[in-house]
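Chemist: Both chains are sitting in their own frames, so use the hints and assemble them into the complex.
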Amino acid sequence: MSMPFYVAPEQMMKDRADYARKGIARGRALVAVRHTDGIAIVAENSSKTLRKISEIYDRIAFAGVGKYNEFDQLRVAGVRAADLKGYQYSRDDVDARGLANSYAQMLGNIFTHEMKPMEVEILVAEVGLEAADDQMFHILYDGTVVDRRDYAAIGGDSDATGERLAESWAESLDLAAVVGIAVEALSGPDRTIEPDEFEVADLSRINGRRCFQRLDDAQRDAVLG
Amino acid sequence: MPFFTPGDDPGANFPDLLRRVGLAPETHIGGIGIEGAGLKGTGAFDIPHATTCVALRYADGVVMAGDRRATSGNLISHRRMEKVVQADRHSGVAIAGAAGPAMEMVRLFQLQLEHYEKVEGSAISLEGKANQLSMMVRSNLPAAMQGMVVVPIFAGYDPRRGAGRLWDYDPTGGRYEERDYVATGSGSLHAGTVIKIGYRSDLDRDAAIELVARALWEAADADSATGGPDPLRGIYPIVATIDADGWIRVADDDLATRYETIAGEVRSR
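These protein sequences, in sequence, are chains B and V.
Residue numbers for the first sequence follow the numbering used here, so the first one is 1 and each next one is one higher.
Residue numbers for the second sequence follow the numbering used here, so the first one is 1 and each next one is one higher.
In isolation and in its complexed conformation, chain V is listed as follows (with noise of 0.2 Å):
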């Protein structure tokens, strides 16, 4: 059981409290890690990349949506990856780039949001909580500098504004607060594209999964690094709203009719 000295306590950061007890992330991800192992730059091995995650604003808080595939070079990889992931209680976090690290960084913000909640005895607030990832998107950074990079976008719904918010990284940390919809990853272009054209900051939130959709299915048409729906295995994007109430995922029933509609579309153009 840990026990600091009132000086040297750790207070409610946990990745700190993991490098004081020995257990620190970065030294099997970045640092001495890959150059260690003997492998050199991005062209030595191919490692499992996640794609295209997006997130818009709509009147009563957020929507995110990504794609189910990873690939390593040419090859799809993982037909189910989990990309767009509850954060807490009202943010989620979408991620684009390596996946192994993109896991593990997820995983360590959701663990440091709960860890943080039990010990000061209330919740970071949706700003402290973007600060956060942009803090461990920066500690990536030698990682990123070998070919391993993470991009995130969190958003959530912020109680003391009464409204959604989104911000999205890049590789350094840096944190950009976005005010109608992001995308990233590499199916970015075609996916921007299609919400750019939608949008309107009152959409309702069916229009909103319904833009979101259209969005992943563009992106999917023209990028091969994203997967679109496949209702061969019965595989669907994830998405999800941030509202009030809470993070509430789509239903794959859902996606599937909305789906079957687009395609139906598409067949009579």
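Bound conformation, chain B alone (with noise of 0.2 Å):
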């Protein structure tokens, strides 16, 4: 009988969050910043079809960074949790809180049981009836929640474009306002990025039920100036 060698579980943790890092240091990163009538959302993403930002319900978006298809699986899981939860209580019960958490409950159960971690970072946001209620949840990919409050920088450099955009921010800036500190957060000094490498969904109470609206290309535009 073939015995494994034995692995010290400090160790086996840090190889997994190595793993995780890594895959999540080669993709881009991505900004939600919060403005009068709710929060913006931008990502660098190149693509047009595989979408990093999207709906959850009528006041949550969602946004992942990292591999792809483990990304979008979570955000299916969200969207159903989101529409079992408003089916059988109402659609007021559906909240970010929740939803992050169960997130949080999902990745740390991957991080620890499965083969392998999954090499993603979330965002959960909420749009509150006033200013005073919204609120931003960045998930890690072992299950750990930071909640944030007027800005977050998730995914490939984060801290630097975190840091870029806690500079910039300010109370009571519109849409186009954030969108444009966005984009210098995400593009950092020495780079500058193509418009149509931007995506960009707005999370805004004015919008009527259905919180959540993406931007094509020429209200993208329009607001990047």
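Everything labelled a hint here was simulated from the structure, so no lab data went into it.
Be careful, since some hints might not be right.
Claimed, not checked - Label pairs and their calculated CB-CB ranges:
1) V:Glu260 <-> B:Glu197: 54 to 62 Å
2) V:Arg233 <-> B:Asn69: 52 to 60 Å
3) V:Val21 <-> B:Asn69: 51 to 59 Å
Note that CB positions come from ideal geometry on N, CA and C, so glycine has one too.
Modeler: Following this line, the structure appears as structure tokens:
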């Protein structure tokens, strides 16, 4: 009978985390920024069909970076969980916090029990009836949840992107202004990105029941100026 | 949070997802429900029934209308029921039949359209939506056999064809696309006749609204289960149009004026 080599748990967790981080760092960053009417989400994405940002429910949006098939699986699971909860209880009972906890549980479970961790980081954003109720949750590959208030940066090089956002973000900016600072934060000091490399979506409380709106090319170019 | 293995995945099908997680509506509407509760057939108890709804095609799209009354036997059970509801941006459903299962069906239908759109990233075609509703009516067949028949009308604007389209159904889920107009429910004979006489394919929006308002007036005049305009309580039929710009509900004030005119004409006959 063959005996597997002993690997210390610390080492195993570290290896898995390094593996996931490496996968995520290869992808481009994504930012979400709060404005007067809601939350704008901007991603660097060269694909026109494989989306990083999408709608989960009336007031909730999802954004993912890393391996596309893995975060898309999480997106669909989120849509299902939200629609089931809304059907079983009421549309008002679906909230981002519950959804973020479910995601955290699932990612944590996969991180410890599966062969390989998911190489993803996701963001769940909810726009409140009032600006004070807007919230964002950043969920990591191992199930760690971080709640964010005004802005969030996830994905490769997110620390530097987050610092740039911290410098430029201010209260009471409108959609076009926050998309502007999001684009600057994603580009950084020594890179310019073409406008058609951006995927932009707006989660806004003035959009009616379904707050999520994906900006098409013309609308995006209009806000990018 | 529901998670499925690739071969077992229900895709964008919300009713199937409900079955997988054990929340399927059939278990409380049809099947064992009524027999199990010791109630037999239709005569055992009176459940609220919704009545007359019409839909017709006009030049730019479709108009849908329905009265507000629900009856149980000879009694009026609800005066403000909304039988004509928006299904999504470009379509609507009108229902006649047993109110409980019908409302549940509409709720599930609305959810299915939105669920599909979110999961797949694009909306179902208008024909696909009509098909989905047909499957839901068919799954209600066991309950229909026990008297809880649901017969909807589905209408919408088809962006692929640039025109309005409408469908009616039978209790077995049979789906029939109609060219000009549809009427369903107990007052459908009278409402349908009014539309049949006044119908032209090039009606504009205003004329189409006028025609369905008159159709419901005549249905309410001759059928006790159809509610007419009720100025006393400020209740008017629900009338909505669907064209390239989406669903627009006609305001009660507008309908109040139209019915005032119709009543005036009837008085001077």
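Chemist: Hint by hint, note whether the structure agrees.
Modeler: Here's how the hints hold up against the structure:
1. V:Glu260 <-> B:Glu197: 54 to 62 Å: Hint holds: Cβ distance 59 Å, inside 54 to 62 Å.
2. V:Arg233 <-> B:Asn69: 52 to 60 Å: Since the Cβ atoms of Arg233 (chain V) and Asn69 (chain B) sit about 56 Å apart, the hinted range of 52 to 60 Å holds.
3. V:Val21 <-> B:Asn69: 51 to 59 Å: For Asn69 (chain B) against Val21 (chain V), whose Cβ atoms are near 23 Å apart, the range 51 to 59 Å is violated.
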